[in-house]
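Trainee: Top to bottom, those sequences are chains X and F.
Going by the working numbering, the residue at position 108 of the first sequence is 108; the numbering climbs one at a time, nothing skipped.
So the working numbering is basically just the index in the second sequence, starting at one, shifted up by 146.
Keep in mind that the hints are not guaranteed to be accurate.
[Claimed, not checked] In silico DSSO-like links for lysine-lysine, alpha-carbon gap of 27 Å or less: (1) X/K2 x F/K564; (2) X/K33 x X/K126; (3) X/K63 x F/K213.
[What the hints assert, rightly or not] So the derived label-pair ranges between C-beta atoms look like this: (4) F/K494 x X/K123: 34 to 42 Å; (5) F/S210 x X/K123: 21 to 29 Å; (6) X/D79 x F/K484: 55 to 63 Å; (7) X/E127 x F/P208: 48 to 56 Å; (8) F/G454 x X/P135: 26 to 34 Å; (9) X/K146 x F/I495: 47 to 55 Å; (10) F/E355 x X/K123: 27 to 35 Å.
[Stated by the list, open to error] To give an idea of the chain F side of the interface with chain X (calculated C-beta under 10 Å), a few residues: (11) K203; (12) R207; (13) L287; (14) G358; (15) K446; (16) S467; (17) R530; (18) R533.
Just so you know, the hints here were simulated from the structure itself, not pulled from any lab data.
Small disclaimer: the values here were computed from a predicted structure and weren't measured.
Using N, Cα and C, we set each Cβ at its ideal position, and we do this for glycine too.
Now for the letters of each chain:
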Amino acid sequence: MKQLYYDVKKCLGCKSCEVACAVAHSLSDELFKAIKEEKLSLPRKKVFFSKAKNYPVSCRHCKDPKCVDACMAAALTYDKEKGMVLHDEARCVGCWMCVMVCPYGAVRPNLKTKMPLRCDKCKDKKEPSCVKACPTGAVIWQEEVK
Amino acid sequence: MKQFIIIGNSAAGIACVEAIRQRDKESKITIISDEDYPSYCRCLISYYLAQDVKEDKLLYRPASFYKENNIEVILNKKVARVDPKKNRIVCEDKTALNYDSLLIATGSSPKFPDISGIKKNGVYGFRTIKEIKEIEGLIPLTRAACILGGGLIGLKAAYALKKRNIDVKVVIKSPQVLSQMLDFEAAGLVRKRLEENGIDIILGNDVSEIIGEGDIRAIKLDSGKAFESSLVIVGKGVSPNISLVKDTEIKFNEGIITGELLKTNIANIYAAGDVCESYDITTGKHSVNALWPIAVEQGKAAGANMAGDSVKYDGSLGINSIEFFGLAVVSLGIYKVKEADKEFEELKISNEKEARYKKLILKNNILVGAVLVGDIRPSGVLLRLIRERINISSIKDALLCEDFGYPDMIDLVKGGEKIYV
């Protein structure tokens, strides 16, 4: 199972990954069209700055996900085969329980769409868009380190 | 092969059977519920009434769940008492069932105040899908409704009825809404948002009488004032369903008392969910935290232990997340302390204009509570600081910052870090 890793020594905090993420999850999948979409696509990843280093933060798809347990609408499930927390938008009511219990603060609320923003590893693409977008190679897409 | 009996078919009961089945595919599992419906998302009934979700989305597990997991489910049957000496339960219809291991996850029931007219048709506790369907039937005939109590259930009911174009008045005894999860200032922001969206909030008043012969016609307040209403929702809190353990040796206080394995004082009887009284990690006392996510984590741990594991439950705490008309609110642990109480320290920022509020409560540099309104993004990491009882002295200055996040506490949390290399 592939996971996202980050070489924080290489991360410049340029937020190219955030932009790529927002574009990848827009309707058009193109930057200059995406910024004009009615419901602006927001990044599912955020770069935090702490003690002179930059840390990209996004859903880690925990094996024992607290968000799935807390979801009162059964909109979240954990898919063992894919190693992913799946979000069923049709069931989600935007109660933000998942935001409240994420131990990494990696799930954020989109108050406009009333849907939580969570990394889906760009499931329809070959690899997450943030990987290619990173100019320094700080975003690493590789088999899980046990 | 063992016989497991689970009394209750909601959050705790389902989490329990899933945990058992992860470890034991063979033993017999029987779930008993006094409701006439497969497990459903109880917290969504207000959204259902508001027509935000359809009925098919209410099911908590797919229809095939019980069969796939080889679980016998008995609906519409109420357990009258537990007989720990004989390892059996007796139902109201006198049938008895034997168990090797038992989970009591009977949940809680709305508290109804003792006022004139409270037993009339048209007064509801807003707890079950059955009640919601009855209310649904009354909607075309209802012009005005009254909510007794300004707690989470009352306000969610108010939102749903308003969405159905019914005039809603919420009558609240205390001087604020959500007095069991917010302080006065945060509650003020919520009240304002509700009022801006057409919900009438009457504070510092109680209903003294529900008036009407046959059908409800009006509501009378303590102050003597009366107003029209044909539907009443009671949201005055809930009390654990413990009648089945009264007159047994199972220990209870407000709820059924459990230890760190979610076990009662009887070796093969466990309790979880709204009926369970557990150690509260923020107050240090045993208490009932009747909340969906807490019920799931308790049911999960209880199920693991019933199947022979030894999963320690660290304790519960009050955790609430809710959104009203675009205003997100989170409350964690202790949400209010008396000013004179020097044991606690408060860190706070507020911006009334933008409806933003953040308050953190510390005790000996350990976070024991938080209230967030508007921007709830850091709630997950704050909850982690509370749960892991992390000494925050080294990050105290950063806690209230707009961009406070997980990286600020990376060196302090349990579990180590693998994804940053």
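Trainee: So which hints don't hold here, by number, going up?
Mentor: Failing hints, ascending: 6, 7, 8, 9, 10, 13 and 14.
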